[in-house]
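Mind docking chains B, C and D on chain A? Use the hints.
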Amino acid sequence: MIKAEQKPFEEILEYLAPYNKILLSGCGACVTVCHAGGEKDGALLASALRMARQNIGKPLEILESTPARQCEPEFALELSDTIGLVQAVLSVSCGVGVQTLTRHFPTTQIYPGVNTTFLGETVEHGVWEERCQACGNCILEKTAGVCPIARCAKQLLNGPCGGSSNGKCEIKRETDCAWQLIYDRSKSLGQLHRLTEIIPAKQWGVQSRDSGPRRIAREDLKV
Amino acid sequence: MYQTIYESKSITLNPVVLKSEALIIGGGIVGMTVARELAREGVQVVIVEKGETLGGGARDLHFFYDRPADVQKWMGDLISTLEDGGNIHVLKGAKLKRLDGQLGRFQALIRTSDGREKTLSPSVVVVATGCITRPVEAMSDGNRCIGSAEMEKLLAESRDMPLAWKGQPVKTVTFILDLTNDDIKIHTVNAIKQAVILQEKGCRIAVVARDLKVSVSGMELLYRQAREKGVLFFKYDDPPVLSHTDDGISVEVQDMTALRKEEREVVSLLSDLVVIGETFAADPETQELCRVLKLRTGAGGALMEDNPQFLRVMSNRRGIFLAGACRFPQVITESLSEAHAVVQEVRALLHEGAYTPENPIAEVDTRKCAVCYTCVRLCPHAAIGVERCGERNVYAAPAEKDENTLWQAARIEPAACFGCGICVAECPARAITLYH
Amino acid sequence: MGRADEKQPEIQGEPMSPFEPKIVAFCCEQSGVPAAEMAKTLKLKMPNHLELVPVPCSGRIETLYLLKALEGGADGVVVFACHEENCRYLQGNVRLKSRVGYAKQIMGKIGLEQERLEIFHLATNSGVKFAEFLIQKADQLEQLGPNPGKIA
Amino acid sequence: MKSGSNLEKVFVNGNFAVTSELGPPKGNDVGVIKRKVDFLRGYVDAVNITDNQTAIVRMSSIATSAFVIQMGMEPVMQMVTRDRNRIAMQSDLFGAAALGIKNIVCLTGDHHTFGNQVHAKNVHDLDSVQLINMVKTMRDEKTLMGGEEKIEGEIDMFIGGAANPFADPFEFRALRTAKKAAAGVDFIQTQCIYDMVRFKEWMKMIRDLGVHEKVHIMAGITPLKSAGMARYMAKNVAGITIPDALIDRMAKAAKGSEEGIKICIEQIQEVREIEGVHGVHIMAIEWEQMIGRITEMAGLLPRPQMD
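Taken in order, these protein sequences are the chains called A, B, C and D.
Under my numbering, think of the first position of the first sequence as 919, with each following residue one higher.
Under my numbering, think of the first position of the second sequence as 80, with each following residue one higher.
Under my numbering, think of the first position of the third sequence as 107, with each following residue one higher.
Under my numbering, think of the first position of the fourth sequence as 560, with each following residue one higher.
If we strip away everything but chain A, and leave its shape as in the complex, we get (with noise of 0.2 Å):
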């Protein structure tokens, strides 16, 4: 799912700034599931922009609300009634969520309350890891489904860099080198014979972001 974290506090009261009445909004889908931005989070932190703002003599009035998922039109224009009553936006949902309701508000200021930060994996209660970019083209059957993409801070294709060492990442030590994991994998599986075909270059620009904001259109689907 996708892994948010709330952004720096001072850089909302900055952004939040001209206003007196303002709507924090969650949402309930990914946000929620990483504590960056569901009801709860959402709660803790309009109360703390609240009273920061009480602290500096220009009180600050917070409405709140959550929908089931920000990214939905039907959920987002929910808050329609709502929006109307206030003079900016905190979104606390990621950033399709907040565009979802700048599509949706073209009359109102959404400011983002989070930084969207990867496609993720809970590795533990509390700790998530990045483990896709999204490139558009799963080469996951190539690497004994651990992505170096994402997970490579060099994103190379055809083995590790010299800094893997003990099986971690000389850039962040925490960090597993994503190559020792694709060969420990291979081993296991029987399959390190796999690791000497060499992975061409990527066509980044066929699917991959880089070619523009890319687009999925079911035409059986559509309405």
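No wet-lab data here; the hints were simulated from the structure.
Incorrect hints may appear among the rest.
Stated by the list, open to error - No more than 30 Å apart at the CA atoms, straight line, and that leaves these computed lysine-lysine pairs for DSSO-like:
1) B:Lys88 x C:Lys174
2) B:Lys292 x B:Lys250
3) A:Lys1105 x D:Lys759
4) D:Lys695 x D:Lys709
5) C:Lys256 x A:Lys939
6) A:Lys1120 x D:Lys709
7) A:Lys1060 x D:Lys763
8) C:Lys210 x B:Lys447
9) A:Lys1120 x D:Lys561
10) A:Lys939 x C:Lys215
11) D:Lys763 x D:Lys794
12) C:Lys256 x C:Lys235
Okay, now just chains B, C and D, sitting in the frame of chain A:
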């Protein structure tokens, strides 16, 4: 908002039916005692024993410290009562592979060594898996240096005859305690028990210990008796030094009776045999069992009770009990009293044939649940699971929900919930309420 | 005890501060609640503006409650919880500890003093400690002055 | 002949090759290049020109290589995939070939966060194996990468790559070099060797894979200046292992730098004996003035004159 920690709305708490069925894991003396007692009250009991014989750790023992009976004979009688009764079913060479559900709807999957599987639906589970022992290698060649279990065997074999080891007469024996497991009583109990028997055979006995632990019923008396009979006791700070002599082992220990350190002399105990207490440790298989049962482990990987302030035989899950050496190494008397405590608890739980959950109880609003697993991971009582509806895998709907539809959402089992509210406070969707 | 009287000379000429801090005290039912009852039975001196909130376990206290208490008018928030490794529900006070830590981080960003939030570990029979701690906390909060973030 | 470079000729002639390294100036001061070239000229067959090594911004390796040619030495231009995509790299290769550069070492490059532009966006459009393959395609097929498009002219490059026998997973290290060989590399320069046991083990794996018959392996050597430097590298540089015995020897020596040179010469003599090692790559970082002494004492002089 914080003023309303409990919602006043009362929720109907339906009793869960508890059939009189118990699953006991481990066929040692604790498991067998619990089984026998429960069966007498009409409870259907299944004992799952991973080995091919019943008896567990007590198979190494022959003497009680507090009564003249023979342990093996006593245990033989116990085993035969199990095999007589119709309420007890013993599965040997069997292991618990899975335990699903909660109190009132436990589903246990047992696999036997021949690969067959059996599903049981017990109302309670009693874990009595014991612990393991490892020999202490105080002397590399093991010559004239034996474990407590081997001494037990020698004594049992010699009965009314003088003690002999490998055909040689044994006249002097030194027990060395507390080289490992500094915190348990078994070594003291076994050593003094054996010392008294040996003394009666005319042997000269010394016991070398860091600290004698006599806080078991009747032990002080036995200790005094041993002293009166002439057993010598030495305390040590630095572990004794062992060396072979021509015809025995010399155990050198500093005599601590002198208060001033510089006045302490080294005493050399020439012994025909040295007995060293084995190391007791948690069974490595406990780890896997705890994963299956969702139980807590404590120091050294042993099973851990729910809360020592309350009942020590309760696990962190309602309906699952612990007793005996799986918690910590115990002497038979201690283990049996735990077995009886478990019997009491099980009896109380099964007494009415049903368990009615008590408030406060936490409940998940399935419409708000994001299925993030936070509550499932944090519940200290493993009372929460994720409820699926058939093969459907859907999110909670935001507003309208058909009351008859079970969305995929976390579900707190009322019968397993202790009402602490940890899940309520952690839920990122604020979807959980604690009802009064 | 004449606490206010003793203070007077220090203030020197200024009128006595009319500020009496409000404390919200969350009390675990396993320890804080019986301690509070004991303090009441013993008629121990306690701060005037005190709101006691019983909780089944300190693990029930959401981070949000700690902030809401401050937002809603408290000058200080105290949690009376069981001693560590002594929780009726095993993990409750451990979870509380990390939540209080998180709440303190947030308070730092808001500009609220860390002293306005504190855990106090105690046992059922700690009635005297309970009252003493609250009096001491009230003194400390009086020195700090009113919570600048409260909205009331 | 693939490129006709001096380095290639030395190998083809069966000589034991010697290369060294030259870090371009952190600015446009050509005097720096000249000073370093003067230290090296005559002692090595060609000199590697690093490409923003450790992600510190320096004069481009192409420009520096061109100056080195003017100053009468043969450059080995390093090219990293960190900063340029395939468009920029192919374009630069056209330029490099036009400027008379005949050797290239294809590298991934140190991660940009180690350098002085930590907020840069790294590129890594290709990895080093793919870059090797691209240069080979340009040279042998005379087309751009993956395309039919013919190149106007000839990109005659002697293609090099790097190998680090001391990083993990060790079992993968020789395989990765074999991949580079399959991609078209002509020579390999290794990471600096201190752990001779592991290097020999790696060389055995290289021979078992038959890589030494297709590729010229050059053993990387870096003289230690002091025990402190040795300890620092052993502790902080991932992918370098220094045996404790070597650190002790440095620590016990009366003069660390002298001992370092002595060790370095012993190492050169030792790797020379290993089957499949065809040269040494001496990396004397900011210690270029020692190259003359080292090559002389190691018996590597005079360098063969080709043509």
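Right, here's what the structure says about each hint:
Between Lys88 (chain B) and Lys174 (chain C) the CA atoms are separated by roughly 23 Å; this keeps the pair inside 30 Å, and the hint holds. Simply put, Lys292 (chain B) and Lys250 (chain B) have alpha-carbon atoms about 26 Å apart, close enough for the 30 Å limit, and the pair holds. Only pairs whose Cα atoms come within 30 Å are accepted, and Lys1105 (chain A) paired with Lys759 (chain D) is accepted, the gap being roughly 24 Å. Between Lys695 (chain D) and Lys709 (chain D) the CA atoms are separated by roughly 14 Å; this keeps the pair inside 30 Å, and the hint holds.
Straight-line distance between C-alpha atoms of Lys256 (chain C) and Lys939 (chain A) comes to about 17 Å, which keeps the hinted pair within the 30 Å bound. This hinted pair checks out: Lys1120 (chain A) and Lys709 (chain D) have alpha carbons roughly 22 Å apart, not beyond 30 Å. With a CA separation close to 28 Å, the supplied pair Lys1060 (chain A) and Lys763 (chain D) stays within the 30 Å bound. With a CA separation close to 28 Å, the supplied pair Lys210 (chain C) and Lys447 (chain B) stays within the 30 Å bound.
Between the alpha carbons of Lys1120 (chain A) and Lys561 (chain D) the distance comes to roughly 28 Å, so the proposed pair stays at or under 30 Å and holds. Taken as a hint, the Lys939 (chain A) and Lys215 (chain C) pair is honoured in the structure, with Cα atoms around 21 Å apart against an allowance of 30 Å. At most 30 Å may separate the alpha-carbon atoms for a hinted pair to count; Lys763 (chain D) and Lys794 (chain D) meet this at roughly 27 Å. Annotation: proposed proximity of Lys256 (chain C) to Lys235 (chain C) holds, straight-line Cα distance about 28 Å (limit 30 Å).
The structure shown violates none of the earlier numbered hints.
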